[in-house]
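With the hints as your guide, set chain B onto chain A.
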Amino acid sequence: MGSLSRQAFFQELGSGCLLPTVQQGLEQVWQLLLICLVCRLSWRLGLPNFLKHLSTVVGGFYTLYLFFELHMVWVVLLSLLCYLILFLCRHSSSRGPFLSITILIYLLLGELHMMDTTTWHKMRGSQMVVAMKAVSLAFDLDKGIVDKVPSPVEFMGYIYFVGTVIFGPWISFNSYMDAVESRKLSVSWFMKSVISCVKSQLCLLISNCVAPYLFPYFIPVFGNKLLRKWLQAYENSLSFHFSNYFVSFLGETTTTLAGAGFTEEKDNLKWDMTIAKPLYVEFPRSMVEVVTSWNLPMSRWLNTYVFRKALRYGSFTAIIMTYTASALLHGLSFHIGAVLLTLGFITYIEHVLRKRLSAILNACVLSKRCPSDCKHRHKKELWVYLINGTFSMLALLHLTYLGSDFRPQDGVASHTIQKWTQLSWTSHWLTFALWVFYRLIL
Amino acid sequence: MPTVSSVTLTGRLLLLLLWAAHLAMATNWLSLARLSRSRPVSGAEPCGRLRGLSPGQVGVCRARGEVMESVRKASEMVIEECQHQFRNRRWNCSTTPRGINVFGRVMNQGTREAAFVHALSSAAVAVAVTRGCSRGELERCGCDRKVRGVSPEGFQWSGCSDNLSYGVAFSQTFVDEPERAKGMSSGRPLMNIHNNEAGRKAILHNMQVECKCHGVSGSCELRTCWKVMPPFRRVGAVLKERFDGATEVRLTRVGSRTALLPRDPQVKPPATRDLVYLAPSPDFCRLDPDNGIPGTAGRRCNGTSRLAPDGCELLCCGPGFRAGRAEVVQRCSCKFSWCCSVRCQQCKNTVLIHTCRE
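Residue numbers (full-length UniProt numbering), protein chains in the order written: chain A, 1 to 442; chain B, 1 to 358.
Isolated chain A (complex conformation) (with noise of 0.2 angstroms):
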């Protein structure tokens, strides 16, 4: 009976998960799909760039109201002070702290007061975006990379550009000014974008249909109380992340089908954007891999704008101002503040600790994978592996431990807490573990 059991549950899971949430997920989605489109094919009319620029703010309201309603005017309301400082600021040389200063007061003042909870966590992923690109216009502003204050059409059409706007990602300005070029309509970016809508799909339904029951149906493991927790925790965890995978090949399907999102080098047009690399995530070599892979974009822009900046003050500081910035990105919760100090004290202590590591042996076993050329002396020997491996054990049980309760809904403090004491504190307490190992190499 057994194996009939296994077969019965899987056809069910197919009928009862499989269909349904692949039918709501196009469901909630091909309308945006549908304007990304729309607004690349009008691009390609010839129109005069003013055109060009309204039609990506008329198609990003209307999106924006299809997810949000009525709740949108918080989004509006951000990119219209972000304008506003902008131009009154365009003749100094600090648009940058300053903008950045006023976006974080604006979030602080919504988080704490101007509305309840739910409806702002479900915005938070779109002012996210809207404050990240801001800020990096603001400073390119500052820099000369761009080189005058855009026009507030040209600004809007940055802003609420369609193929960003709900799912992000973040883009430059200037990757915005060159898709207003618009580029040839191919086969290669159709089937770039296709190729992303099918596999969002396919994250969607590994976080919904396959992660919650990957033990024991999908893989026969039971374990005793102590291991079920873990593998609990897994699960929650390969689900989340399945989830941003999926959020993250949509935000690569809209962005390239409204005609961003490519590389030119002379002639070739490529379409390539990439905004997550589950498989360095799954399969990790370092926390620090994990971190970038998680939301590319997000990286270069954190990398960009605030730890290039704060670099001056110490690479500690500077690490913990990053992880800083990124918690406040996304908004009060105490959770995610929680998972990403956490996740920025255990990033350095690994970066430390294996760059002692490598000096110490002479071996290839910093977090980053070393190119062909290093000097190191021990490269391919089988204990170097073994400590690289090691290391990614752990950072799997890192995933697993960080990725646990993340749960439909934002948690209380007590609720992470109480998740962590369950899982009796096992990453905090390694990461000091290997943090008093590495005072000991010093």
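There is no bait here: all hints are sound.
Simulated restraints, written as ranges between beta carbons of each label pair:
#1 Ser38/B with Phe283/A: 42 to 48 angstroms
#2 Gln208/B with Leu77/A: 34 to 40 angstroms
#3 Cys347/B with Lys229/A: 32 to 38 angstroms
#4 His91/A with Ser333/B: 55 to 61 angstroms
#5 Ile105/A with Asn349/B: 44 to 50 angstroms
#6 Ser315/A with Gln208/B: 45 to 51 angstroms
#7 Leu19/A with Leu251/B: 44 to 50 angstroms
#8 Gly43/B with Leu19/A: 35 to 41 angstroms
Chain B side only, calculated, beta carbon under 10 angstroms to chain A, not exhaustive:
#9 Cys213
#10 His214
#11 Gly215
#12 Gly218
#13 Glu221
#14 Leu222
#15 Thr224
Treat the hints as calculated values from the structure; they're not laboratory data. Even glycine gets a Cβ: it sits at the ideal position worked out from N, Cα and C.
Showing chain B alone in chain A's frame:
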């Protein structure tokens, strides 16, 4: 010769009474809660030795042994939940010291309390079995394929909704079996089956919706949703409300069939989710060991309220209560310590405790 004849007659009579009593008590399977953990509840021979099961239930036990652990769990849930819901009433689901009739003979008298326990029992079996399915502890069951389409709230069902239909079907098979074995033409089995079904309906009408958020970094632009069972405490609370509004009925012939209709013709016929009872309840005031009623002597009561069910005059059946002083140690001045525990001081306070007079 007279002596021999007298002994034989007495023996036969006793045997007949025991047999009738055994057959009549449909909630005897709740005695599974009294078995020690190590006692098996599946397998052909162990099933036959479970005294609380009816012959039909023994058959189910042998045929579907993998589910019986859930049934044992259900019996524990019933006793705990019943004692919680009735904690402030005269009858507080006290259990008998021993034997297969866990709550005593009050379960056999067609009372309102019996109605509640029957409903709660069938609900507990459905919940425990469904939970076993969801956790992969039981083979032969998986997701509930009937939950699909668009919900009234406007989102599409997806994900594996708890397979309640499997649990409900098993509950109907197992819990209703002793009633059907008695025939459907007398009042008691009809009452019990009605109340069993009301218990299962209490779950169906209180299913809850859970959703997963998908959005940039865990925000909620897009959601997928599915149904889950309510916590059993909620089921207990719903049935307690039904208990408070239960309808007294009597057996009435309708054409060639018999049905339970309200004793008071002014009252509308009960809906399928209402509880029904055939006989008024005793007052539960005095000790009555034969019926498994401990009475309220010695119970703590609420000295400050005359209207609450645990008010002293109500609970103690009149003015027979007294007040005493007691010193209690309570936690106070609790503070959160970083990281991460709560520390409290121990404070002594004198409180007034009211108890029913012996």
